[in-house]
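Number of protein chains: 2
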Amino acid sequence: MTQHNTALAIAALKDLLGDRLSTGDSIREIHGRDEAYSEPALPDAVAFPESTDEVSAIVKICAQHKVPVVPFGIGTSLEGHVIPTHGGISVDTSRMNKILEIHESDLDAVVQPGVSRTQLNEELRATGLMFTVDPGADATLGGMAATRASGTNTVRYGTMRENVLALEVVLPDGTVIETGSRARKSSAGYDLTHLFVGSEGTLGIITRLTVRLFGKPDTILAATCGFETVDDAVNSVIMAIQMGIPMARIELLDEIQMKGMNIFNPDLNLPEKPHLFLEFHGSDASVKEQVELFEGVGEEFGVSGFAWATKAEDRGRLWAARHNAYYAGKSLRKGCESVVTDCCVPISALADCIARTKEIINEAGLIAPIVGHVGDGNFHLLILFDPNDPEELTKAKRLASDVNRVALSFGGTVTGEHGVGTGKKKYMAEEHGAAYALMATLKRAVDPDNIMNPGKTVDIN
Amino acid sequence: MTQHNTALAIAALKDLLGDRLSTGDSIREIHGRDEAYSEPALPDAVAFPESTDEVSAIVKICAQHKVPVVPFGIGTSLEGHVIPTHGGISVDTSRMNKILEIHESDLDAVVQPGVSRTQLNEELRATGLMFTVDPGADATLGGMAATRASGTNTVRYGTMRENVLALEVVLPDGTVIETGSRARKSSAGYDLTHLFVGSEGTLGIITRLTVRLFGKPDTILAATCGFETVDDAVNSVIMAIQMGIPMARIELLDEIQMKGMNIFNPDLNLPEKPHLFLEFHGSDASVKEQVELFEGVGEEFGVSGFAWATKAEDRGRLWAARHNAYYAGKSLRKGCESVVTDCCVPISALADCIARTKEIINEAGLIAPIVGHVGDGNFHLLILFDPNDPEELTKAKRLASDVNRVALSFGGTVTGEHGVGTGKKKYMAEEHGAAYALMATLKRAVDPDNIMNPGKTVDIN
Numbered sequence: 000m001t002q003h004n005t006a007l008a009i010a011a012l013k014d015l016l017g018d019r020l021s022t023g024d025s026i027r028e029i030h031g032r033d034e035a036y037s038e039p040a041l042p043d044a045v046a047f048p049e050s051t052d053e054v055s056a057i058v059k060i061c062a063q064h065k066v067p068v069v070p071f072g073i074g075t076s077l078e079g080h081v082i083p084t085h086g087g088i089s090v091d092t093s094r095m096n097k098i099l100e101i102h103e104s105d106l107d108a109v110v111q112p113g114v115s116r117t118q119l120n121e122e123l124r125a126t127g128l129m130f131t132v133d134p135g136a137d138a139t140l141g142g143m144a145a146t147r148a149s150g151t152n153t154v155r156y157g158t159m160r161e162n163v164l165a166l167e168v169v170l171p172d173g174t175v176i177e178t179g180s181r182a183r184k185s186s187a188g189y190d191l192t193h194l195f196v197g198s199e200g201t202l203g204i205i206t207r208l209t210v211r212l213f214g215k216p217d218t219i220l221a222a223t224c225g226f227e228t229v230d231d232a233v234n235s236v237i238m239a240i241q242m243g244i245p246m247a248r249i250e251l252l253d254e255i256q257m258k259g260m261n262i263f264n265p266d267l268n269l270p271e272k273p274h275l276f277l278e279f280h281g282s283d284a285s286v287k288e289q290v291e292l293f294e295g296v297g298e299e300f301g302v303s304g305f306a307w308a309t310k311a312e313d314r315g316r317l318w319a320a321r322h323n324a325y326y327a328g329k330s331l332r333k334g335c336e337s338v339v340t341d342c343c344v345p346i347s348a349l350a351d352c353i354a355r356t357k358e359i360i361n362e363a364g365l366i367a368p369i370v371g372h373v374g375d376g377n378f379h380l381l382i383l384f385d386p387n388d389p390e391e392l393t394k395a396k397r398l399a400s401d402v403n404r405v406a407l408s409f410g411g412t413v414t415g416e417h418g419v420g421t422g423k424k425k426y427m428a429e430e431h432g433a434a435y436a437l438m439a440t441l442k443r444a445v446d447p448d449n450i451m452n453p454g455k456t457v458d459i460n
Numbered sequence: 000m001t002q003h004n005t006a007l008a009i010a011a012l013k014d015l016l017g018d019r020l021s022t023g024d025s026i027r028e029i030h031g032r033d034e035a036y037s038e039p040a041l042p043d044a045v046a047f048p049e050s051t052d053e054v055s056a057i058v059k060i061c062a063q064h065k066v067p068v069v070p071f072g073i074g075t076s077l078e079g080h081v082i083p084t085h086g087g088i089s090v091d092t093s094r095m096n097k098i099l100e101i102h103e104s105d106l107d108a109v110v111q112p113g114v115s116r117t118q119l120n121e122e123l124r125a126t127g128l129m130f131t132v133d134p135g136a137d138a139t140l141g142g143m144a145a146t147r148a149s150g151t152n153t154v155r156y157g158t159m160r161e162n163v164l165a166l167e168v169v170l171p172d173g174t175v176i177e178t179g180s181r182a183r184k185s186s187a188g189y190d191l192t193h194l195f196v197g198s199e200g201t202l203g204i205i206t207r208l209t210v211r212l213f214g215k216p217d218t219i220l221a222a223t224c225g226f227e228t229v230d231d232a233v234n235s236v237i238m239a240i241q242m243g244i245p246m247a248r249i250e251l252l253d254e255i256q257m258k259g260m261n262i263f264n265p266d267l268n269l270p271e272k273p274h275l276f277l278e279f280h281g282s283d284a285s286v287k288e289q290v291e292l293f294e295g296v297g298e299e300f301g302v303s304g305f306a307w308a309t310k311a312e313d314r315g316r317l318w319a320a321r322h323n324a325y326y327a328g329k330s331l332r333k334g335c336e337s338v339v340t341d342c343c344v345p346i347s348a349l350a351d352c353i354a355r356t357k358e359i360i361n362e363a364g365l366i367a368p369i370v371g372h373v374g375d376g377n378f379h380l381l382i383l384f385d386p387n388d389p390e391e392l393t394k395a396k397r398l399a400s401d402v403n404r405v406a407l408s409f410g411g412t413v414t415g416e417h418g419v420g421t422g423k424k425k426y427m428a429e430e431h432g433a434a435y436a437l438m439a440t441l442k443r444a445v446d447p448d449n450i451m452n453p454g455k456t457v458d459i460n
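So the protein sequences, as listed, match chains E and V.
First residue of the first sequence: 0, per numbering that gives the first Met the number 0; consecutive thereafter.
First residue of the second sequence: 0, per numbering that gives the first Met the number 0; consecutive thereafter.
Next comes chain E alone, as it looks inside the complex:
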């Protein structure tokens, strides 16, 4: 890519989009960062397409001039996915935010990529249906599919992997494809839907999604409960899953995180020991049964009692507190910044992996609360550091690296739901071995000129 090519592409895009192609500094700055502590980098311009045809035309222009294309949802990614490290055109999908179809009989919806998860659930309110994937941020569905996002409901309802039924995608040469139909299953050839879910914009831009919906349960009951050790909390979850208790949410917060929760949510006022935040979905009778069974499990592992949130507003407060765990964690240290990392291991290894993680946190002398989607074996570390102390940042980054390698040593993965972006590329060869070369083969075949979000997931040049 040369400056000349970029100028030619921008001129052509200006013709195509008019005001909806911006080269202004403030717009470019917004599209030059994500929510994590990554180095920002500006796009040369930001495009605001309103249709699949426009996305296709944008990509064709960029392909002709070999200018990078970086898809942008709402900028809440955590591993630098949306940062245009190689410059080029940021393609902002915020104007493609229409809910196109809701099929109540089929339990699916067809949406544009700029629709956010709360927007879809608002729209579904009258139907008795719900979309379940809920990362901390109110991300766009396009971004969530691109990063294979998940959240607190995964243990019961799955990640974006299970909840995306089909995609429309603009390929690196501008061709528009559909990766599947609305049929619930198919054996008709390669699974292109799953190739694009988690591909982080490096193989194409998602322009439409068919997503799975679930019926809202008649009864929802949430609770918190404390344990003496992380081990006890995790083992109670393993037993509950083995017993087939169909829990909807099982979140772990360690004693450090609980301290932050109490600071950030003064009305929460829970004992500062490891906690589970739970939610049960079902009919009245089923929820009652699930609760009884889980209480029995908890007792076996020394649970110190349950605080029940029966009213909708109490439940709302509880999960709002959980979704704000990031800010609660940061409130443990005034003026701090944070390095965030997320790992996932087989659930049988989770207690040991967290124990080892806590050892190396202590060795590093840093504050790093742990929050986990424990039913999936997935945990997050929020490593706090003083932004005015470069040495501490180095230490924090080293700790994140060490924790990722601990997860690998326990047979896990360096990211359960945040993705690779630029931040986790360095672990890919270690995690995947020869399979990482196959990912490069795929990238090279689909995007030979490396224009789609170059520098993310896998390098080919």
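Fair warning: there could be bad hints in the mix.
What the hints assert, rightly or not - List time: in silico DSSO-like cross-link candidates among lysine-lysine, alpha-carbon distance up to 27 Å:
#1 E:Lys-424 - E:Lys-357
#2 V:Lys-287 - E:Lys-287
#3 V:Lys-333 - V:Lys-272
#4 V:Lys-287 - E:Lys-215
#5 V:Lys-215 - E:Lys-215
Honestly, the hints are just simulated from the structure, not real lab data.
Note that the structure is predicted; figures quoted are calculated from it, not measured.
On the provided structure of chain E, position chain V as indicated by the hints.
Quick look at chain V alone, frame taken from chain E:
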């Protein structure tokens, strides 16, 4: 490929495998056909590897001589997947039939590809866990993953797509890769597991699988119930799913199939009208509740009463009858052969799609019972024909084609679970449009010499 190349490859394979490389006619004939009515074709030799290293060595030899490699499980595929249409080496995985690991806490198992689904469930008997995917045949797990198989439990427990957590695969150059870990989820790069599930041996050979297990429910209750019309049966299922009744099995058998069921299973003796075969899994209380709810649903759609199979042996008989639906269907006409096809549509379109299908069956003047995994929108057609009447075979094939196109016109797919093989390649461009070219791009990138099961799924030469 030349005969000379093949001879060189066979000589090298003989050195590697000794007696476990067979060129005998009877062995080759067994590996030259599947269970459907496809044209047989013989491999030049059959290899019986005992380890991943041996598979890798076999593939390296075949790659060197550009000789086709055709993976073979137990030969129960239905679209010609295992037939060596281009000759070459059939790689029979029957000696790779070890269950390597069972992880009770993680609800997963690691198995070799030659393990069959009943073998795994036998092994699991003491654990209280079960493997749920159950195609009609006692297929191997390697074959089931390769064809993205499913079965009667899919509506609750998913297909192989949801039940394969990770694979070990030998690539077309002999490289061995792992596509994932035992962690329940990951966002670490492209989803290679799903690339290989359903790839029908055209991108590599599966040499190890990590599969998902579920806890066996405390209570299982099965039933059959009749409806006046297919519409009523389907609509009751749609309502049950919308209400969130977590049914484990919901199978539709039309009135023609029921006639065959009664002939083939004289003790069944059910009214010859559309039926649902149902199974409920859960705790005592949950199953009771599900049954009450479903009875209410059935009443809304004029159900003619339920026959309950409460005892395990009655339940066993019922599902054995369902799994033998193929033979029951064939018993409708003495001495007949059959063309089998399977389609899948959004469940809201299923009743209309089946109604249209029945119209064109009548127009064709053939007998063709319908069986469906109705909770998935998936139905099978067994088109009976006289093997001594070539015109009737032509008619049967035309009917199958017409039904596949009907499924596409209802927004569906030409195969829900049987796969593409050679039999359904002709519909692929119509179903996938430009996306079919992307499948060819992937095949070309991963297997540039087209040695892996050439002629299946997608053509590249």
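Results for each hint:
At roughly 24 Å between alpha-carbon atoms, E:Lys-424 and E:Lys-357 fall within 27 Å of each other, so this suggested pair holds. Taking the CA atoms of V:Lys-287 and E:Lys-287, the gap is about 14 Å. The hint holds against a cut of 27 Å. Using a Cα cut-off of 27 Å, the hinted pair V:Lys-333 and V:Lys-272 holds, with the two alpha carbons roughly 22 Å apart. Restraint check: the Cα-Cα separation between V:Lys-287 and E:Lys-215 comes to about 21 Å, which is no more than 27 Å; the hinted pair holds.
Pair hint V:Lys-215 plus E:Lys-215 holds up; C-alpha atoms about 25 Å apart against a cutoff of 27 Å.
When held up to the earlier numbered hints, the structure conflicts with none and fits them all.
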